[in-house]
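A.B. asks: Once you have looked at the hints, place chain B on chain A.
2 protein chains.
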Amino acid sequence: MHDRIHHAGLAERVMPAERAAEQIQPGMTVAMSGFTGAGYPKAVPRALAARMEAAGGGFRIRVLTGASTAPDLDGVLARADGVELRLPYQSDPALRDRINAGDIDYLDIHLSHVAQHTWFGYFGHVDVAVVEVVAILEDGRLVPSSSVGNNKTWLDQADKVILEVNSFQPAAMEGMHDIYYGTALPPDRLPIPLTRPDDRIGSPYLHVDPAKVVAVVETDAPDRNSPFTPPDDASRQIAGHLLEFFEHEVARGRLTEQLLPLQSGVGNIANAVLTALGDAGYEGLTAFTEVIQDSMLDLVRGGVLSTASATSFSLSATGVEEFITNVDFYRDRIVLRPQEISNHPELIRRLGCIAMNGMIEADIYGNVNSTHVAGTRVMNGIGGSGDFARNAYLSVFMSPSIARGGVISGIVPMVSHVDHTEHDTMVIVTEQGLADLRGLSPKQRAQLVIDHCAHPDYRPLLQDYFDRARRDSYGKHTPHLLHEALSWHERLVEQGTMLPEGGSTGPGAPGGDG
Amino acid sequence: MHDRIHHAGLAERVMPAERAAEQIQPGMTVAMSGFTGAGYPKAVPRALAARMEAAGGGFRIRVLTGASTAPDLDGVLARADGVELRLPYQSDPALRDRINAGDIDYLDIHLSHVAQHTWFGYFGHVDVAVVEVVAILEDGRLVPSSSVGNNKTWLDQADKVILEVNSFQPAAMEGMHDIYYGTALPPDRLPIPLTRPDDRIGSPYLHVDPAKVVAVVETDAPDRNSPFTPPDDASRQIAGHLLEFFEHEVARGRLTEQLLPLQSGVGNIANAVLTALGDAGYEGLTAFTEVIQDSMLDLVRGGVLSTASATSFSLSATGVEEFITNVDFYRDRIVLRPQEISNHPELIRRLGCIAMNGMIEADIYGNVNSTHVAGTRVMNGIGGSGDFARNAYLSVFMSPSIARGGVISGIVPMVSHVDHTEHDTMVIVTEQGLADLRGLSPKQRAQLVIDHCAHPDYRPLLQDYFDRARRDSYGKHTPHLLHEALSWHERLVEQGTMLPEGGSTGPGAPGGDG
Chain A
1 MHDRIHHAGL
11 AERVMPAERA
21 AEQIQPGMTV
31 AMSGFTGAGY
41 PKAVPRALAA
51 RMEAAGGGFR
61 IRVLTGASTA
71 PDLDGVLARA
81 DGVELRLPYQ
91 SDPALRDRIN
101 AGDIDYLDIH
111 LSHVAQHTWF
121 GYFGHVDVAV
131 VEVVAILEDG
141 RLVPSSSVGN
151 NKTWLDQADK
161 VILEVNSFQP
171 AAMEGMHDIY
181 YGTALPPDRL
191 PIPLTRPDDR
201 IGSPYLHVDP
211 AKVVAVVETD
221 APDRNSPFTP
231 PDDASRQIAG
241 HLLEFFEHEV
251 ARGRLTEQLL
261 PLQSGVGNIA
271 NAVLTALGDA
281 GYEGLTAFTE
291 VIQDSMLDLV
301 RGGVLSTASA
311 TSFSLSATGV
321 EEFITNVDFY
331 RDRIVLRPQE
341 ISNHPELIRR
351 LGCIAMNGMI
361 EADIYGNVNS
371 THVAGTRVMN
381 GIGGSGDFAR
391 NAYLSVFMSP
401 SIARGGVISG
411 IVPMVSHVDH
421 TEHDTMVIVT
431 EQGLADLRGL
441 SPKQRAQLVI
451 DHCAHPDYRP
461 LLQDYFDRAR
471 RDSYGKHTPH
481 LLHEALSWHE
491 RLVEQGTMLP
501 EGGSTGPGAP
511 GGDG
Chain B
1 MHDRIHHAGL
11 AERVMPAERA
21 AEQIQPGMTV
31 AMSGFTGAGY
41 PKAVPRALAA
51 RMEAAGGGFR
61 IRVLTGASTA
71 PDLDGVLARA
81 DGVELRLPYQ
91 SDPALRDRIN
101 AGDIDYLDIH
111 LSHVAQHTWF
121 GYFGHVDVAV
131 VEVVAILEDG
141 RLVPSSSVGN
151 NKTWLDQADK
161 VILEVNSFQP
171 AAMEGMHDIY
181 YGTALPPDRL
191 PIPLTRPDDR
201 IGSPYLHVDP
211 AKVVAVVETD
221 APDRNSPFTP
231 PDDASRQIAG
241 HLLEFFEHEV
251 ARGRLTEQLL
261 PLQSGVGNIA
271 NAVLTALGDA
281 GYEGLTAFTE
291 VIQDSMLDLV
301 RGGVLSTASA
311 TSFSLSATGV
321 EEFITNVDFY
331 RDRIVLRPQE
341 ISNHPELIRR
351 LGCIAMNGMI
361 EADIYGNVNS
371 THVAGTRVMN
381 GIGGSGDFAR
391 NAYLSVFMSP
401 SIARGGVISG
411 IVPMVSHVDH
421 TEHDTMVIVT
431 EQGLADLRGL
441 SPKQRAQLVI
451 DHCAHPDYRP
461 LLQDYFDRAR
471 RDSYGKHTPH
481 LLHEALSWHE
491 RLVEQGTMLP
501 EGGSTGPGAP
511 GGDG
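Chains as they are written, first to last, in this note's numbering: chain A, 1 to 514; chain B, 1 to 514.
Since the hints were made in silico from the structure, they are not lab data.
Any given hint could turn out to be false.
For each label pair, taking beta carbons as the anchor points, the in silico distance ranges come out as [unchecked claim]: (1) B/16 with A/280: 52 to 58 Å; (2) A/328 with B/196: 43 to 49 Å; (3) A/321 with B/203: 43 to 49 Å; (4) B/244 with A/167: 34 to 40 Å; (5) A/53 with B/406: 28 to 34 Å; (6) B/483 with A/53: 24 to 30 Å; (7) B/181 with A/258: 23 to 29 Å.
Chain B is nowhere near these chain A residues, computed Cβ spacing over 10 Å in every case [stated by the list, open to error]: (8) 127; (9) 137; (10) 186; (11) 283; (12) 391; (13) 438.
Using N, Cα and C, we set each Cβ at its ideal position, and we do this for glycine too.
Pulled out of the complex, with its shape left as it was, chain A reads as follows (with noise of 0.2 Å):
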């Protein structure tokens, strides 16, 4: 009985997740454990979800996460209508259609500032926390699960505490954490003193107040587990322009063969270019980031990787089973850490990381998209590609230079929403090539994007858009054609494709002087 649970008034709490859920009452603001798809609760939602249902409307809460979290939240609580807000990250499709429609608010925020925000009051009161654990010790510390998140501020901030107990997650996970409980708010606040990715500042453990903590709920239940699925051409093609960059660093010596620490995006580039660092035979490399796939446990299995810090894991199936196989080797390389740690930007300007993420978009001087389709439908939230990017010692931003069979380009003479400025991109990638736009003016970086990073199909288009605009924009320091510069995106969703009628059909098809 209760074998994770070894604090004695906790296990009277003991219910089931129907029960824990009628704590939660329409209007209220709960926040929730759950970080990629990792340390989200399995069984509130969605009774709460159900009640919701019953209801027949009107029952909707403020929910707030570490970031994404997976069907049996978001999902279940979006399709029974019963989220008014949601903040930070999300990548569940049918909240992500709920807030494209219009009917959730949606804040996008970085992921560093989260949990200052709530301690600050900009998100109002916390009414209940729902978080899922590992196990709750004898004295009622609490044995954090796979991913942290924001979930000490949760436990802190929150009127009321549910705690899932997860006996699915591996116990032998204790002591791989770091909790951090040296934060305070202005004017009393302290360096943070980490000064490698390492470095164990805090505790093991999460603290709660045991006598806010309302209910108990045992689940036995795995994270949504995210497929691997092996890299393809352009991916093998970015990380392979990404790896010649690093070397020609190196040969430069602005950086060292041990490089400096990583922060990666998920996804497909991302294990790309993880996997590619392997095979160059680098190692002794450390990885201050967010999250740990399947990818990054490989490079810290082979020693690629001696260390790696991060706020959650994100791992296929087979990634979970190696990582339970070998916990014991794994939790002495792994370090977890709440996410307003591991994306602090002290903590990324000192370590001065190598941060490498994804994006929707950049323009041809160096602004990127990273979270709106078409200026307007939202994907996932920037995350925490802001925290680092700006901080970071080298920021690079990486996309297949043609999406959806070549009617999106990659690269478009402006972005339809800026997520990164042109003062904090320094790299970007695409299958075609890499453009360093470090120490250049706007328009140097436009022809160098043209030239290296843009698709054969679209480059004529850009280098037309851009000469022209030279000659007849307003002002000539970052020249553009007002009326021209959305087209690409107005096309896009009006026609399908982001190609003029007749295709790709060389400089001047866009009209002339347009």
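C.D. replies: For chain B alone, kept in the frame of chain A given last:
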């Protein structure tokens, strides 16, 4: 003789500016002192410009500074067609004209990034530094002048150094500066041990290897003084709204009566806000900012500010006189630091600054354009606004709601250039009112910005755009009509006004479903 030059070896290197300028050859990278018109070299740039003009063309250099300088530096070099590349912030009309004519490569960089990117090698090698100081001590240490900027980095990184010793600057400034020498390159960086705005963590002096000093030039000239203009009505109204907001935040317990360290841009609105703080009876406040202008000096004098940390002065002639007369008083209450410290993300976030900056325009969703008129003509650059806004406890952007007699709206459907994203803007203020965007989704922000900040002449036009965008936009998360989003700027460029023909005529005017 040489009563400011106490180092024997360096006294022997005193020479006229004309001879010193001979050290600078075409194509060189030259790093100069200077920040907001203070502490820039007064003689060598002019002598260099004369050489450039004598060369009859083709004599161009790359110019790195702290921020904006003066006609005596940026102006003379630009007019001599002597600038190939310039970074970072600038404000000289002659230089700006050449940048916007497309003749000069201008790099607009966060002020906190300049020093470290130089150390990283991103701007190439620094050939010569030209730095104004107040005095040279017997052992070669340098008393910094009225700005610190990047001088520490320039003196460290340059092959050759030219010092200008300006006897107009008060010798009694000695002891006022705090030059932090604890910086390092990753992976060897440590926490910066500053926890209060008045902490002194370094040396009052700049260090230079005397062997690198190839010339010392004596000058006796004031800084380019910034004329102080009394706040106009709009500025006073903006200040009024902001002060009311502060009171509200204090009442809600989100700020104490001492507020938090203030960062303030320069200019009319900033003067009005600072003056209003004094008039409202605040005392014992602190400033952790870039620039000390007249109104901030007044606040220090009156005890409203107990301490002010910055990297530069920007005073009127009257302000300079007040400062010189009472330099002993101010030296204990004002600290000038390198701009990598005054603007450091680690410190701004730790201290929890209240960041107050001007802007060119904001859009209804809270994106801010600080740099480009109509998306293409650069004004001055981003300066430190990004360093502060991203890391602040509160980030405030301020502007009159209209400019140039009403043909320009400070609030637009979509900004024509993004310097601060929706993720970084908390509060927008115009003379019309204040929009507190914290915790709001894009559509909630838009309605608030339209209602509170837009000018009555533009408010119906914005409401109409927003209403139609909510109805017709491809995605409804951030509703936009792409073919119309930049039309206000098009009209401004083509017709000289953002107002549609017939002026403001209320909803529907822009052409129905346009």
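A.B. asks: Now tell me if each hint is right for this structure.
C.D. replies: To see whether the hints hold, each was checked on the structure:
Roughly 56 Å separates the CB atoms of residue 16 of chain B and residue 280 of chain A, a value that falls within the hinted 52 to 58 Å. With their beta carbons about 45 Å apart, residue 328 of chain A and residue 196 of chain B fall inside the hinted range of 43 to 49 Å. Between residue 321 of chain A and residue 203 of chain B the CB atoms are about 57 Å apart, so this pair departs from the stated range of 43 to 49 Å. In this structure the hint that residue 244 of chain B and residue 167 of chain A lie 34 to 40 Å apart at CB is violated, the actual value being about 54 Å.
Checked against the given bound of 28 to 34 Å, the beta carbons of residue 53 of chain A and residue 406 of chain B, roughly 53 Å apart, lie outside it. The hinted window of 24 to 30 Å between residue 483 of chain B and residue 53 of chain A is violated, with their beta carbons roughly 41 Å apart. At about 26 Å, the beta-carbon gap between residue 181 of chain B and residue 258 of chain A stays in the expected band of 23 to 29 Å. For residue 127 of chain A, the requirement that its beta carbon stay farther than 10 Å from each beta carbon of chain B is met, with the minimum near 15 Å.
Its beta-carbon lying about 31 Å from the closest one in chain B, residue 137 of chain A satisfies the requirement of being farther than 10 Å from that chain. Some Cβ of chain B comes within 10 Å of the Cβ of residue 186 of chain A; the nearest lies about 2 Å off, and the non-interface call is violated. Residue 283 of chain A, annotated as away from the interface, keeps every beta carbon of chain B farther than 10 Å; the closest lies near 16 Å. Residue placement check: residue 391 of chain A does not keep its beta carbon more than 10 Å from all beta carbons of chain B (closest about 6 Å).
Not every CB of chain B is more than 10 Å from the CB of residue 438 of chain A (nearest about 4 Å), against its label as outside the interface.
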